[in-house]
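> Kindly produce the complete structure, drawing on both the sequences and the hints.
The chain contents come next:
There are 2 protein chains.
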Amino acid sequence: MGRPLKELTPVSTVIDRFSRLLPTPSIVSKKVMESIGNYSVEEVRAIEDVPPVPKAVLDGFAVSSENIIDASETSPVVLEISESCETGAIPVSTGSPIPKGCDTVIPIEGVKVEGNKVMIFRPYPPGNAIARVGEDLSKGDIILRKGEFIRPWHIAALLSQGITKVRVIQPKIAIAATGSELVEPWESGGVRNTTAWLVYTFLKEKLGVEPNYFGIIPDDKERIREYYEKALKNHDIIITTGGSSVGKKDYSVEAILSLEPEEFVHGVALTPGRPLGLGFKEGKFLISLSGYPVAALSELEAVVWEIFKRAWGLREPPKPRLKVKLTRRLPVQPNMVHLYRMKVFRCSEGYCAEPLRLTGSGVISSLIKGNAIFIAGLRGETGYDEGDEIEVILLSEPID
Amino acid sequence: MGRPLKELTPVSTVIDRFSRLLPTPSIVSKKVMESIGNYSVEEVRAIEDVPPVPKAVLDGFAVSSENIIDASETSPVVLEISESCETGAIPVSTGSPIPKGCDTVIPIEGVKVEGNKVMIFRPYPPGNAIARVGEDLSKGDIILRKGEFIRPWHIAALLSQGITKVRVIQPKIAIAATGSELVEPWESGGVRNTTAWLVYTFLKEKLGVEPNYFGIIPDDKERIREYYEKALKNHDIIITTGGSSVGKKDYSVEAILSLEPEEFVHGVALTPGRPLGLGFKEGKFLISLSGYPVAALSELEAVVWEIFKRAWGLREPPKPRLKVKLTRRLPVQPNMVHLYRMKVFRCSEGYCAEPLRLTGSGVISSLIKGNAIFIAGLRGETGYDEGDEIEVILLSEPID
Numbered sequence: 126m127g128r129p130l131k132e133l134t135p136v137s138t139v140i141d142r143f144s145r146l147l148p149t150p151s152i153v154s155k156k157v158m159e160s161i162g163n164y165s166v167e168e169v170r171a172i173e174d175v176p177p178v179p180k181a182v183l184d185g186f187a188v189s190s191e192n193i194i195d196a197s198e199t200s201p202v203v204l205e206i207s208e209s210c211e212t213g214a215i216p217v218s219t220g221s222p223i224p225k226g227c228d229t230v231i232p233i234e235g236v237k238v239e240g241n242k243v244m245i246f247r248p249y250p251p252g253n254a255i256a257r258v259g260e261d262l263s264k265g266d267i268i269l270r271k272g273e274f275i276r277p278w279h280i281a282a283l284l285s286q287g288i289t290k291v292r293v294i295q296p297k298i299a300i301a302a303t304g305s306e307l308v309e310p311w312e313s314g315g316v317r318n319t320t321a322w323l324v325y326t327f328l329k330e331k332l333g334v335e336p337n338y339f340g341i342i343p344d345d346k347e348r349i350r351e352y353y354e355k356a357l358k359n360h361d362i363i364i365t366t367g368g369s370s371v372g373k374k375d376y377s378v379e380a381i382l383s384l385e386p387e388e389f390v391h392g393v394a395l396t397p398g399r400p401l402g403l404g405f406k407e408g409k410f411l412i413s414l415s416g417y418p419v420a421a422l423s424e425l426e427a428v429v430w431e432i433f434k435r436a437w438g439l440r441e442p443p444k445p446r447l448k449v450k451l452t453r454r455l456p457v458q459p460n461m462v463h464l465y466r467m468k469v470f471r472c473s474e475g476y477c478a479e480p481l482r483l484t485g486s487g488v489i490s491s492l493i494k495g496n497a498i499f500i501a502g503l504r505g506e507t508g509y510d511e512g513d514e515i516e517v518i519l520l521s522e523p524i525d
Numbered sequence: 126m127g128r129p130l131k132e133l134t135p136v137s138t139v140i141d142r143f144s145r146l147l148p149t150p151s152i153v154s155k156k157v158m159e160s161i162g163n164y165s166v167e168e169v170r171a172i173e174d175v176p177p178v179p180k181a182v183l184d185g186f187a188v189s190s191e192n193i194i195d196a197s198e199t200s201p202v203v204l205e206i207s208e209s210c211e212t213g214a215i216p217v218s219t220g221s222p223i224p225k226g227c228d229t230v231i232p233i234e235g236v237k238v239e240g241n242k243v244m245i246f247r248p249y250p251p252g253n254a255i256a257r258v259g260e261d262l263s264k265g266d267i268i269l270r271k272g273e274f275i276r277p278w279h280i281a282a283l284l285s286q287g288i289t290k291v292r293v294i295q296p297k298i299a300i301a302a303t304g305s306e307l308v309e310p311w312e313s314g315g316v317r318n319t320t321a322w323l324v325y326t327f328l329k330e331k332l333g334v335e336p337n338y339f340g341i342i343p344d345d346k347e348r349i350r351e352y353y354e355k356a357l358k359n360h361d362i363i364i365t366t367g368g369s370s371v372g373k374k375d376y377s378v379e380a381i382l383s384l385e386p387e388e389f390v391h392g393v394a395l396t397p398g399r400p401l402g403l404g405f406k407e408g409k410f411l412i413s414l415s416g417y418p419v420a421a422l423s424e425l426e427a428v429v430w431e432i433f434k435r436a437w438g439l440r441e442p443p444k445p446r447l448k449v450k451l452t453r454r455l456p457v458q459p460n461m462v463h464l465y466r467m468k469v470f471r472c473s474e475g476y477c478a479e480p481l482r483l484t485g486s487g488v489i490s491s492l493i494k495g496n497a498i499f500i501a502g503l504r505g506e507t508g509y510d511e512g513d514e515i516e517v518i519l520l521s522e523p524i525d
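Just so you know, the protein sequences line up as chains A and B, in that order.
For the first sequence, the numbering used here assigns the number 525 to the last residue and increments by one with no breaks.
For the second sequence, the numbering used here assigns the number 525 to the last residue and increments by one with no breaks.
Identical copies go unnamed one by one, so any copy, or any two together, can satisfy a pair.
When the alpha-carbon atoms are kept at most 30 Å apart in a straight line, the in silico BS3-like pairs for lysine-lysine are as follows:
1. K468 x K331
2. K271 x K444
3. K290 x K331
4. K468 x K444
5. K225 x K264
6. K155 x K494
7. K155 x K329
Keep in mind the hints are simulated off the structure, nothing from the lab.
This is the structure we're talking about:
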């Protein structure tokens with residue numbers, strides 16, 4: 126009948142142990158414009174000054190500031206439109222290099238143009254409306270930090286330097302579903318496999334990579350072991366869903382154990398998600414996730430993703446967080462981490478959050494009916510009272 | 126010399142006028158597992174009950190609750206492990222259908238197994254540890270709202286229903302850079318084109334679609350007009366960067382005007398980003414963005430994206446917002462909207478934000494050196510004082 130998981134390892138211990146072991150995953154050199162949503166492997170610095178020469182930052186006239194020192198409303202200085210600033214004014218557009226001999230730019234709105242003459246009504250200091258050499262980026266400025274999540278402005282800054290390739294983290298991930306009862310969602314005659322696809326899209330969303338999907342494996346320790354062994358050869362992370370339950374179907378965890386991993390854990394103080402199994406062998410990370418979608422999500426979010434982030438130094442973009450008042454008590458079992466699904470709505474105190482009452486870790490609708498999650502007990506809290514202020518992670522906008 | 130943009134249309138007016146005109150863009154039917162990060166065109170509801178039959182939510186024994194009414198610590202009820210609940214107990218795993226005649230499930234941790242017998246130490250009510258029919262999803266439950274941004278749990282819920290295709294918004298977007306001085310970043314001998322690539326990756330990040338890139342067009346009204354006309358035939362949105370300055374190079378705005386658009390605006394009360402030009406013709410949206418990266422970003426974020434969201438009813442995922450104290454005055458010109466780039470850091474009051482002092486809208490490094498933006502003046506504010514609390518949008522984590 127299998128054994129209850131009596132020895133549960135605390136979430137923080139699991140993260141510590143595995144993030145220390147995990148090596149840098151596969152890396153790929155990408156065209157900069159295709160690297161959006163990937164993580165940079167390394168720091169990248171500016172190799173040139175931008176702008177490389179002084180430039181006008183608006184449309185107007187470049188002049189020598191000395192020539193207009195005496196300009197005033199009542200006695201404007203009149204300069205001829207010419208190609209030299211010695212005695213004249215040179216028309217410039219935004220972005221034009223500043224011609225030699227000119228040291229200031231007067232905006233078009235500030236002058237009066239009459240035929241070939243420009244009237245100037247006040248003095249302008251040297252450097253007015255001029256971008257200095259290196260004002261935007263100076264040689265040596267950091268453009269990407271190690272582990273940076275690449276956004277559109279990073280791309281513009283890299284390209285402004287003529288940097289057109291960037292090395293990004295691209296872990297090779299294998300995923301298989303286990304369970305003799307399963308069929309793919311487009312097939313009939315069994316229980317539809319949804320958890321492996323949840324895991325697949327979770328990792329694609331987080332890392333910007335396409336995992337390698339190996340299909341459904343029946344409940345057979347040897348077949349699961351064969352999958353792990355085969356996938357080990359050319360993947361960094363090898364995942365199964367299902368077969369890590371506390372019941373009779375511990376096949377995937379047993380398969381990991383039979384490979385004699387250098388590090389191993391089965392049973393994490395996390396709910397939902399207790400049956401999580403992790404192994405580390407020859408620089409590869411073997412993961413046995415729950416077959417239940419919310420439990421698998423909890424294992425991914427609270428443990429696996431934290432291991433990736435810490436091991437690889439990923440600078441994940443900030444999450445949408447919101448401070449809310451609890452509408453009822455939230456119990457936390459000693460030393461456990463709980464992933465609660467919440468309904469957040471506007472209330473007289475600002476925003477309130479109601480934990481959804483749920484049984485079972487299969488209840489995927491809780492993530493649709495709710496609009497936030499709360500990971501409770503991360504700092505050893507033993508529970509939260511009605512009215513306590515907590516910080517949730519929003520999945521969609523609060524109800525107004 | 127061109128004309129200064131004296132007539133600036135308020136941001137909210139521009140959004141109102143164009144979002145009313147913009148029709149639903151192109152739509153594509155995608156495999157559910159490939160729809161992550163896209164927006165659903167329509168509401169999608171559950172077509173089946175999940176689970177379709179009552180199921181065990183944990184590992185243990187299914188029994189008839191009546192048979193264990195008298196169980197206690199001192200006088201446990203002993204049942205034979207059998208295939209019927211009439212007098213026995215049936216082993217079940219998490220997810221097993223509940224056999225006929227059984228109405229409750231006792232967790233494996235709650236019993237003692239000896240050979241072929243199970244000892245039960247307390248009564249369990251009917252329905253214990255059993256997921257009811259439709260408990261997760263009932264026929265008719267909403268899985269996707271119209272305009273929903275598709276996340277991993279939506280995918281799991283759709284697949285649990287055997288729904289394997291989903292219709293998503295996939296606007297056909299054309300982008301060209303204009304400017305005779307420009308070269309592509311991988312070429313030499315000119316000013317590197319960065320803004321068009323910023324726009325390209327911004328839209329890819331926001332919408333999950335790959336725009337169609339038409340390259341660099343010289344400063345020539347006819348050539349730009351030809352691009353707009355050609356792209357109009359098979360795109361929903363046609364964009365140029367550059368050529369919308371207040372100076373002599375108004376070519377792209379003039380090209381839009383020459384197409385006799387049904388709706389048109391040039392000059393928006395937004396800084397940076399004043400020279401934004403928008404036209405609407407035959408159900409298509411023509412956009413002339415600034416050639417300067419931060420100005421283009423400001424035009425996209427504060428105007429264009431808001432038009433898309435409102436017109437198409439997109440439920441954008443929540444942004445990471447943070448309440449911060451201003452370290453200095455922030456001026457706002459009357460009726461103008463300003464996009465400020467900020468440095469947010471921990472301070473004795475919680476978090477503080479320092480606006481970056483910048484000249485020029487080309488200064489892309491301000492988005493790298495800062496870690497947040499603040500869109501000021503959206504509700505007609507006329508400025509903010511030192512010490513005021515404002516809400517910024519985080520681009521990366523605050524400095525600790």
